[in-house]
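Novice: Each chain, letter by letter, is given below.
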Amino acid sequence: MHEMSLCEGIRQVIEDQARAHTIKAVKCVRVEIGRFAGVEKPALEFAFDVVMRGSVAEGARLEMLDLPGRAMCYDCVKEVEIAHRLDPCPDCGGGKLMPVGGDEMRIKDLEVI
Amino acid sequence: MCTVCGCGDSSVEGHSHSHDHGHSHGHHHHHAHSHDIHFGHGPAGVEVPGMSQDRLIEIETDILAKNDRYADANRAVLKDRGMFAINLVSSPGSGKTTLLCKTIEALGDTPLAVIEGDQQTANDAERIRATGAAAVQVNTGKGCHLDGHMVGHAMEHLPMRQGSFLFVENVGNLVCPAGFDLGEDCKVAILSVTEGEDKPLKYPDMFTASRIALLNKVDLAPHCDVDLDLYEENLRRVNPGIEIIRLSARTGEGMADWLGWLRSNLAAKQAEEAAE
Numbered sequence: 729m730h731e732m733s734l735c736e737g738i739r740q741v742i743e744d745q746a747r748a749h750t751i752k753a754v755k756c757v758r759v760e761i762g763r764f765a766g767v768e769k770p771a772l773e774f775a776f777d778v779v780m781r782g783s784v785a786e787g788a789r790l791e792m793l794d795l796p797g798r799a800m801c802y803d804c805v806k807e808v809e810i811a812h813r814l815d816p817c818p819d820c821g822g823g824k825l826m827p828v829g830g831d832e833m834r835i836k837d838l839e840v841i
Numbered sequence: 007m008c009t010v011c012g013c014g015d016s017s018v019e020g021h022s023h024s025h026d027h028g029h030s031h032g033h034h035h036h037h038a039h040s041h042d043i044h045f046g047h048g049p050a051g052v053e054v055p056g057m058s059q060d061r062l063i064e065i066e067t068d069i070l071a072k073n074d075r076y077a078d079a080n081r082a083v084l085k086d087r088g089m090f091a092i093n094l095v096s097s098p099g100s101g102k103t104t105l106l107c108k109t110i111e112a113l114g115d116t117p118l119a120v121i122e123g124d125q126q127t128a129n130d131a132e133r134i135r136a137t138g139a140a141a142v143q144v145n146t147g148k149g150c151h152l153d154g155h156m157v158g159h160a161m162e163h164l165p166m167r168q169g170s171f172l173f174v175e176n177v178g179n180l181v182c183p184a185g186f187d188l189g190e191d192c193k194v195a196i197l198s199v200t201e202g203e204d205k206p207l208k209y210p211d212m213f214t215a216s217r218i219a220l221l222n223k224v225d226l227a228p229h230c231d232v233d234l235d236l237y238e239e240n241l242r243r244v245n246p247g248i249e250i251i252r253l254s255a256r257t258g259e260g261m262a263d264w265l266g267w268l269r270s271n272l273a274a275k276q277a278e279e280a281a282e
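First to last, the protein sequences are chains A and B. Residue numbering for the first sequence follows the numbering used here, starting at 729 and increasing by one per position. Residue numbering for the second sequence follows the numbering used here, starting at 7 and increasing by one per position.
Derived by calculation from the structure, the hints in this document are not laboratory data. The beta carbon of each residue, even a glycine, is placed where N, CA and C say it ideally should be. Some hints here could point you the wrong way.
Stated by the list, open to error - Only part of the chain B face toward chain A is listed, based on derived beta-carbon distances under 10 Å:
{"hint": "1", "residue": "I63"}
{"hint": "2", "residue": "I69"}
{"hint": "3", "residue": "E132"}
{"hint": "4", "residue": "R133"}
{"hint": "5", "residue": "C182"}
{"hint": "6", "residue": "A184"}
{"hint": "7", "residue": "T200"}
{"hint": "8", "residue": "E203"}
{"hint": "9", "residue": "L207"}
{"hint": "10", "residue": "D211"}
{"hint": "11", "residue": "R217"}
{"hint": "12", "residue": "I218"}
{"hint": "13", "residue": "L236"}
{"hint": "14", "residue": "E238"}
{"hint": "15", "residue": "R242"}
{"hint": "16", "residue": "N245"}
Just chain A, with the same shape it has in the complex (with noise of 0.2 Å):
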């Protein structure tokens, strides 16, 4: 999608907290993503990397967790995990699903000094 303004967003949430917060340095930033987040997550890396640059966060690891793509199945009434977007209901071959969980950009927690 657009890992550099996402950047920009973690970027803005780690200045709040080092305002709130005493903060030397960030050394880890933990983010969880949605497999259907259309996050490309090399390109976030790199974003990253390059954002993070005269921060508190500058040189700080990005640890990305991946959530599981969920949907709801309008045939078998059922909440499915998918691993891509179009695939096919698991349980029962149905074509008719409809994304309910996976597209998460979530910024858990930072490890910090």
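Here the structure of chain A is known, so what remains is to put chain B in place on it, guided by the hints.
Specialist: Chain B only, in chain A's frame:
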């Protein structure tokens, strides 16, 4: 906020970004999430007074939380005025602006306002104003989408009349606008029949995020060997709940259904506001 796309360069037509204006929407931070500092999670696993160790700050905040706050503020303004707001999304060239001009003409005296998003030029806002409607152009610079903040600015420059429509024509792009809430009631995807039946499969996110799809330029269907049923099948594959209207802004075919959909949703929004 999008620096890959340069969204920081955005400008609202007739409006400089450098002046100090009062925002009616909340610019302050109201963090809903815990900012607890947890000691004892460091490498040592214990906290020893006077001894430094790494700390873990739990955040659990959406990366786009800032945009969502602007969007929520916009939504509150729209709700307060009983306005029905739609976010028109599509590829470039699907006929959004023409459809919007025809829609405005057909709605007649119904009060409405328009926000036009494009990278450059005020051409679209001028086309809209030629119909007599109030419109503001937002240029996103190199940006690929409108965000909640830009729309909040634009709303300050428009007559936000009780019980009116707000049409937001997003930047022509089937990818990024899907992820940015503007505070609208729903997204309306426009898909023209010349784009190929598999467009919804290639760009599923936008069609999943939309409540209704308008299959536009159906008057061209006989000339370009397309299967309109296959368009619908593919739309429902990525969004089983999506409503679909086949129409042609040029010939007027299907426009009555679209206008009926708009009016019933506006009435529902007003009823909802009146009930509270």
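Novice: Given a cut of 10 Å on the nearest C-beta pair, is the interface hint for E132(B) held or broken against chain A?
Specialist: Check failed: Cβ of E132(B) comes no nearer than 29 Å to chain A, outside 10 Å.
Novice: A closest beta-carbon separation below 10 Å is what the hint needs, so does C182(B) meet it against chain A?
Specialist: Status holds, d = 6 Å.
Novice: If you take the shortest Cβ to Cβ gap from A184(B) to chain A, is it below 10 Å?
Specialist: Status holds, d = 8 Å.
Novice: Checking hints one by one. Is E203(B) an interface residue toward chain A, by the C-beta closer than 10 Å rule?
Specialist: 14 Å, violated
Novice: Closer than 10 Å between Cβ atoms is the bar; does I218(B) clear it against chain A? Give me holds or violated.
Specialist: 15 Å, violated
Novice: Are L207(B) and chain A close enough, Cβ to Cβ, to be under 10 Å, as the hint says?
Specialist: Status holds, d = 6 Å.
Novice: A closest beta-carbon separation below 10 Å is what the hint needs, so does L236(B) meet it against chain A?
Specialist: 14 Å, violated
Novice: Against chain A, is I63(B) within 10 Å by beta-carbon distance?
Specialist: 5 Å, holds
Novice: Does N245(B) pass the interface check with chain A, least Cβ-Cβ distance below 10 Å?
Specialist: Status holds, d = 7 Å.
Novice: Go through the hint on E238(B) and say holds or violated, using the shortest Cβ distance to chain A against 10 Å.
Specialist: 13 Å, violated
Novice: Verify the interface restraint on R242(B): the C-beta must sit less than 10 Å from at least one C-beta of chain A.
Specialist: Holds, about 7 Å.
Novice: Would you check whether T200(B) satisfies its interface hint, that is, whether its CB is within less than 10 Å of any CB in chain A?
Specialist: 23 Å, violated
Violated hints, in rising order: 3, 4, 7, 8, 11, 12, 13 and 14; the structure is consistent with all others.
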